[in-house]
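Colleague: Using the sequences and the hints, build the whole thing.
2 protein chains.
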Amino acid sequence: MSFEINNLFREGLPAPVAARFSGYPKYNFVGGHNDNDGIPIDDFIAAMTRSLKAEGKNLATYGLLSGFQGYMPLREHIAKRLGRTAGMKDGAENILMTSGSLQALELVNDLLLTPGDVVIAEEACYVGSLGRFARSGVTCRGVRMDEHGMDMDHLADILSEQKIAGKPVKFIYTIPTVQNPTATVLPIERRTRMLELAAQYDCAILEDDCYADLLWEGERPPAIRALDNAKEGEGRVIYCGSYSKTLAPALRVGYIVADWPVLSQMLSLKTDSGSPALEQLMLAEYCPTHFDDHVEKMKSVLKDKCDTMVSALEENFGASAEFSRPKGGIFLWINLPENVDTVRLAEIAAKDGIGLNPGSIWSTNAEKYRSRFRICFGHPDHETIREGVAKLADICHQEFGVPLRSGNTVR
Amino acid sequence: MSFEINNLFREGLPAPVAARFSGYPKYNFVGGHNDNDGIPIDDFIAAMTRSLKAEGKNLATYGLLSGFQGYMPLREHIAKRLGRTAGMKDGAENILMTSGSLQALELVNDLLLTPGDVVIAEEACYVGSLGRFARSGVTCRGVRMDEHGMDMDHLADILSEQKIAGKPVKFIYTIPTVQNPTATVLPIERRTRMLELAAQYDCAILEDDCYADLLWEGERPPAIRALDNAKEGEGRVIYCGSYSKTLAPALRVGYIVADWPVLSQMLSLKTDSGSPALEQLMLAEYCPTHFDDHVEKMKSVLKDKCDTMVSALEENFGASAEFSRPKGGIFLWINLPENVDTVRLAEIAAKDGIGLNPGSIWSTNAEKYRSRFRICFGHPDHETIREGVAKLADICHQEFGVPLRSGNTVR
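Chains as they are written, first to last, in numbering that gives the first Met the number 0: chain A, 0 to 410; chain B, 0 to 410.
No wet-lab data here; the hints were simulated from the structure.
On a predicted model such as this, the values are computed, not experimentally measured, just so you know.
Cβ atoms here follow ideal geometry from the backbone N, Cα and C, with glycine treated the same way.
Please note that a few of the clues may not be correct.
To be verified - The calculated lysine-lysine pairs, modelled on DSBU-like cross-linking and capped at a C-alpha distance of 35 Å, are:
no. : chain 1 : residue 1 : chain 2 : residue 2
1   : B       : Lys56     : A       : Lys52
2   : A       : Lys25     : B       : Lys52
3   : B       : Lys52     : A       : Lys302
4   : B       : Lys298    : A       : Lys298
5   : A       : Lys52     : B       : Lys298
6   : A       : Lys79     : B       : Lys52
7   : B       : Lys56     : A       : Lys326
What the hints assert, rightly or not - Facing chain B, according to a computed beta carbon distance under 7 Å, are these residues of chain A, among others:
no. : residue
8   : Phe2
9   : Ile4
10  : Phe8
11  : Arg9
12  : Pro13
13  : Pro15
14  : Phe20
15  : Pro24
16  : His32
17  : Thr48
18  : Arg49
19  : Gly55
20  : Gly66
21  : Ala203
22  : Glu278
23  : Val342
Modeller: Take a look at the structure:
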């Protein structure tokens, strides 16, 4: 009798990955990959060299002598910068470094959620968060959105419905600044209203701010946590951020900002003996002197790529593709005519090396968003963007008859 | 009414951490910290510089173009080295890089365990694994040990008992080479027997080999996974290793070696978008040319510290402290007279800045090991070891009357 280790696996596992990794698609319009030329390699080398010379011997100690909350000089820098850019009043003691902001999301869910709980999110929402809610066995209710993000009246309705139903909402998950996938920016009035509603219905807020540094048009509103800080710190808002979108996703460095009641409990859930050291050492050395300039450069690179993507879409899809021009970030959220099922479009496009994210998967309402898709422009170069969008239009025409004509003809 | 976020926490959380980190004890005889002077800083800088120059731009892509299994050149190095040092036949395709070997332990538990399951471990066992089993809601049965590690007849008895009771064992967790905390090395005959028993009782084996590189006396036996490989790869053994003990714990780099049925399922559980990149880049550059030499140096440093610790214990505790001289690793496992409760000893010693690990916590049988403790010698320098052990003997004398006399007098 031959042994099958699968027989020992627990029940209820997610599906295994289907195949070994074989490279990214040529037209890589998915995922939060960055611009290859945007990695400041020489500055990274210089920062790493300086920090290893100064602090390298402390690699011998778990937590680099800063404990498992994370390397203190980096936490100090983050606190200072969030004060300046997001209006937050938190000190380094309120920051917990994580292995990417995905670990931050895991920790918040692990802290707050029990199967059967209810959370609220924007109706179009980051698939990684939706997947985590599903795995936690909780219901995620989607709030309608307009060009400024979450609709506060609908939020109020859902909070009220859930209270009446005896299943009050645990927390509101929001990406208020450059929302993923819609790129909307929630105005300060709505942020204030969200806090009021959270207070009225006694729930927490998880503010996922990982794109906020990439806003290139208009002023960055204060973080929701900053507005909460101002009310003598009710501690209702758990904030998380990341270096993935501004610097490099492969680094896997994120952070949580919260009060000690939250952090002390999270530290007992974060059983990994600290997040990796080299990234923290390097960032603590690099960021105070270079990060602001880098972000400005990155925004200019991304805005140019966004312009190329917009032109390519207009040229190849014409009126068939509806979208708002983003004020920041790395993606567009596109609406195609209603006969287009973007899940099917993505399947066919994948065969031609084009990756895109179907709207039905990136939302709480598959039917409503079946003709939407997210397309990312951060990683591919301008030529690849133009080529890929033209190819996609051809595929879309062949399969769904839209845009009306294919090839390099006017549509 | 003031808001208390604690009211939203889920039930069943572990206790929060009691206090903010305020530094390690002066006499730091706990934890897997390394020798500060052992960090090869210049080599790290050189390796980091070379790898960032060559591969830095790929930081823009999740997974460094190697996918979420981990950076391919590092996996290739690990596979090759495990072939040479542990007799393993696995290629890079069987390796999954993890954020420390603690994440490896988490993944194995998440893959295999359901509350109510039964696992088996050495009776004296790494507290981090015991804690994980407790949090997973499983029963961990301890196997008796002698100077060569796990007693195979007792293992057979437990496997049989559990089968008869209708609760067959899911897996055997073992640290076969330089066991933590006993520093025993399981001979090849017992490894073979363990595999036979696992086959007979249809369970898996989790082989935690994170100290194996630090064996300085005697030959390193083949890994249990290597013996399984030889049987045409039943795939029964999941192997994990780490760079924490040989290079630097703050790096947080570990790995799992297993077959695709295990790895494909683990990849769907490892939702962190890959383990951090800088460590993987640096190690892939550093290790092929430097790691073997470094390990030889490290073993010599550790053996010297071990000798100092042994002398200090003999001098200060005399016959009151029973222990075997380790053949490798970073700790001793000491037995004091039975009137000594080492939990209490640790509490009192902590006030004088001495950290040690009580045996009742590092075992599946608190009562049997109440007079044992683990003392680590990897991090403190020779003078600190001598001072700390003398202080500890004084404290022990004052509190428990052993060793018989205190101060710098013969005991």
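Colleague: Tell me, in ascending order, the numbers of any earlier hints that this structure violates.
Modeller: 4, 15, 18, 23
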